[in-house]
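Enquirer: Protein chains in written order, with the working numbering: chain W, 1 to 246; chain S, 1 to 321; chain X, 1 to 237.
Check each hint, because a few of them may be wrong.
[Stated by the list, open to error] So the derived label-pair ranges between C-beta atoms look like this:
id	chain 1	residue 1	chain 2	residue 2	range
1	W	E16	S	K159	27 to 35 Å
2	X	Q136	W	P164	45 to 53 Å
3	W	D38	S	S208	34 to 42 Å
4	W	D38	S	A134	44 to 52 Å
[To be verified] Output of the computed footprint for chain X on chain W, the stretches with three or more beta carbons under 8 Å from beta carbons of chain X:
id	segment
5	177-184
6	194-207
7	212-221
The hints are simulated quantities; they were obtained by calculation from the structure and are not laboratory data. Since we're looking at a predicted model, the values are computed, not measured. All C-beta atoms in this analysis are idealised placements derived from N, C-alpha and C, irrespective of residue type, glycine included.
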Amino acid sequence: MASLALPLAAVGEVGEGFIQERTGQVCQQKPSHLFCWDWARENIDRYGTPTLQQLELVAISVVLGFIVAFGLALLAHRRRWLRPPLLAGTGVLYAIPSISFFLLLLPITGRSRETAIIALSAYTLQIIFRNVTVGLDNVPASAKDSARGMGMTERQVLWRVEIPLATPEIVGGLRIATVSTIAIATLAVFVHAGGLGTQIYGEANLHFPTSILISIVIVMVMAFFFDAILLTIQYFATPWRRARAS
Amino acid sequence: MAFAMLAALALAIGVSACGSSSDSSDSTASETSGEGAAIVSNPDNAKVSLTIGSKNFPEQEILGEIYTQALAAAGYKAKSDLSLGSETVAHKAVQSGAISGYPEYASTALTSFFGLEPEDVPSDAQGAYEKAKAEFEKEDLTAFPPTPFASANAVGTLKKTAEKYGLENISDLEGVSEKLSLYGSPECRQRIDCLAGLEELYGLKFKSFHPVDISLRYTVLEKGQADLSILFTTDPQLSAEKDKFVILEDDKHVFPAGNIIFVTTPKVVAKAGPDYEKTIVEVQKGLTLPVMQELDARVELEKQTPKEAAAAYLKSAGYTG
Amino acid sequence: MTVATPLFASFGGAIEFIFTPQTSNVTGGDTVGGIDQVLELALAQLEVTVLALALALLIALPAGLFFGHRGKGELVAVGLGNAGRAIPELGLIALMAAVIGVGLFNLTVALAILGIPPILVNTFVGIREVDRSTVQAARGMGMTELEIVRKVEAPMAVTSIFTGIRTATIGIVATATIAPLAGVATLGEFILGENVYGSNGVLAGAIVVAVLALVLEFSLAGLQRVLTSKGLKLKPA
Chain W
1 MASLALPLAA
11 VGEVGEGFIQ
21 ERTGQVCQQK
31 PSHLFCWDWA
41 RENIDRYGTP
51 TLQQLELVAI
61 SVVLGFIVAF
71 GLALLAHRRR
81 WLRPPLLAGT
91 GVLYAIPSIS
101 FFLLLLPITG
111 RSRETAIIAL
121 SAYTLQIIFR
131 NVTVGLDNVP
141 ASAKDSARGM
151 GMTERQVLWR
161 VEIPLATPEI
171 VGGLRIATVS
181 TIAIATLAVF
191 VHAGGLGTQI
201 YGEANLHFPT
211 SILISIVIVM
221 VMAFFFDAIL
231 LTIQYFATPW
241 RRARAS
Chain S
1 MAFAMLAALA
11 LAIGVSACGS
21 SSDSSDSTAS
31 ETSGEGAAIV
41 SNPDNAKVSL
51 TIGSKNFPEQ
61 EILGEIYTQA
71 LAAAGYKAKS
81 DLSLGSETVA
91 HKAVQSGAIS
101 GYPEYASTAL
111 TSFFGLEPED
121 VPSDAQGAYE
131 KAKAEFEKED
141 LTAFPPTPFA
151 SANAVGTLKK
161 TAEKYGLENI
171 SDLEGVSEKL
181 SLYGSPECRQ
191 RIDCLAGLEE
201 LYGLKFKSFH
211 PVDISLRYTV
221 LEKGQADLSI
231 LFTTDPQLSA
241 EKDKFVILED
251 DKHVFPAGNI
261 IFVTTPKVVA
271 KAGPDYEKTI
281 VEVQKGLTLP
291 VMQELDARVE
301 LEKQTPKEAA
311 AAYLKSAGYT
321 G
Chain X
1 MTVATPLFAS
11 FGGAIEFIFT
21 PQTSNVTGGD
31 TVGGIDQVLE
41 LALAQLEVTV
51 LALALALLIA
61 LPAGLFFGHR
71 GKGELVAVGL
81 GNAGRAIPEL
91 GLIALMAAVI
101 GVGLFNLTVA
111 LAILGIPPIL
121 VNTFVGIREV
131 DRSTVQAARG
141 MGMTELEIVR
151 KVEAPMAVTS
161 IFTGIRTATI
171 GIVATATIAP
181 LAGVATLGEF
191 ILGENVYGSN
201 GVLAGAIVVA
211 VLALVLEFSL
221 AGLQRVLTSK
231 GLKLKPA
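In isolation and in its complexed conformation, chain W is listed as follows (with noise of 0.2 Å):
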């Protein structure tokens, strides 16, 4: 049946009006162009798979990252000793610009959104550890012998009084990791990890202040509504600092 696939006309010439005349220039096309509202409306649709691929990524890294500094902050709360070494060692991989650290990993892990994902988290760590440390090194002694006092465990103690406690500090540094990697993840284009990067560097984008405009707004838009959101959270869970503040 191969010659079904024939064609049968001879078609290749495009239809009247294909071509266009252009002399007049569209919002697009001009060097002063900061903003095309009209192009905006009509392809706002484009920025939809990149927005979602950028939160994908974030709250991956973010959960990952908070689980793993909780558990180290929790390992070095008793054990001081540990604190020197893991601070170090976070602040090392905070310190590593992200789309560096994208780059190195990419050999190891060979595929782009994983490699993302470790990098992101590994970003994370330190604000995580730094601020679980704080908070629950602010915990009033009085507060804990209290509540040893009545009877608890140890174990009772930490995470029936310390950590509620520590709330403010913990989500603090949620907070603020959370509003870093949102804008951090725009660098996934470089490893091929999608996000709205994409529409910034790819897609000749470079020339169009339009889309780099669109995509800056909804990252920081992202990231204010996910702040306010964890402000929330941590306002209701912390009522006895909203009694003792009536």
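Given chain W, put chains S and X in place with the hints provided.
Expert: Here is chains S and X on its own, set in the frame of chain W:
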């Protein structure tokens, strides 16, 4: 009689895959528009997966999309992997099998891969194609016949700069180029049809060379940072903004024009069957210079996606329903 | 073990790229890499970082000291710090290149914009956290407001201020990696220029950037330790 019936049957089984690779083996009867659907989906192709690559600028991405969508319409499991990088990166990708094939300019292949001097590049499309194909065969690659349009690198500048220094040909830059900055892609430095050629074959020395991303080649001229910039002869900005930008005449023929030839491997050709080459050769027949410029304009000026522009082309030229 | 061998090969190739000029495994016939080129670009990245940091300090340090001392504008300062963290660096650099143009000056301004928020916030907060009674005592001793800032508040806020400077530096040096998008050649040339330098070059660029960032971070950490007065150091961490 039987043949007429067969032809009528085939007509009735017109395909409208319309660029979506998800319904690749659909052969339902459907309305056809335009000149008649030329690409018919062949169910035999459904088991063949193809990955079409491209280099990293819009014209290439449009071509990549056109081929991908056309092959999908022909029943293949076709997907695109565009914007791989410069010609050397794309070349490696097809050699390693990471992609099935990609569109290359015959002139670029001859000068960049096979070390030909620009003056030895045949000026006719068929001649350049045959020479490139012969060279590709030595590396166990192959190439399909050329597109109607050709494109070349060009040295461009603002019209007022050209008037100021009296520049019409590239040779006019002699004695002037030392005062001028040139902006081009990072690989331009090494290419004989770019900076290397300007230095060696035109004997020009520039005040400075700055590597910038290809998408900024007009921005740097407009913002006044670049005196000269490497442009492409098919660029839509050249016709849309005639009063602003000019390209200098390549009087020493250092920037040979190249028609697009699709580079692939004999292995893929064998695996994919005859529809592979047939579809590609057919679908590119409509790509005359004005059409390619129109497609470039849609993507670069109007900021449509290469996918949209490719789909519009395939539809208007009657390849897809 | 099967993963390790190609892994060592790619890192080995990258290390070689750093030290020995070699014919590019991509463009062929062209010499790329080598310690001279690597150092040149690393130095360029360092220069750009220092310039931008200086500009950021010039703006953010006085502002943070002033408003921190006055105690006004906490919401603005914290908000700015938050907003600064949310700016995608790739977007900022690309926007600057597309709207204003490529070039060192524009890049420096963009990088400084990234560096101002952490320095401003941390300076502000650091000054605010200085014990008010100490400040009152100083006032009582007859110090002028400027003297109070200089001799009392700033030294006690050194830890916080320095943390801000370190954060700013990390962000600036990281963004300076993608400076080639703004027409300034830094180590990003290797990373963004696979077409020219090949995969060896990309990995080499990534390695050197990481080393540069870590060297800077450790230097600043050391400097901070030196500058923090003994009294502050005795405080529990």
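Enquirer: Now tell me, hint by hint, if it's right for this structure.
Expert: Outcome of the hint check:
Between E16/W and K159/S the C-beta distance comes to about 32 Å, which sits within the given range of 27 to 35 Å. Between Q136/X and P164/W the C-beta distance comes to about 36 Å, which lies outside the given range of 45 to 53 Å. Range check, D38/W to S208/S: Cβ separation about 39 Å, and the 34 to 42 Å hint holds. For D38/W and A134/S, the Cβ-Cβ distance of about 50 Å falls inside the hinted range of 44 to 52 Å, so the restraint holds.
With a cut-off of 8 Å between beta carbons, the segment 177-184 of chain W has 5 residues touching chain X; three or more are needed, and the interface restraint holds. Residues of the segment 194-207 of chain W with a Cβ under 8 Å from some Cβ of chain X number 7, which satisfies the need for three, so the listed coverage holds. Counting residues of the segment 212-221 of chain W whose beta carbon lies closer than 8 Å to any beta carbon of chain X gives 6, which meets the minimum of three for the stated coverage.
Hint compliance for this structure: hint 2 alone is broken.
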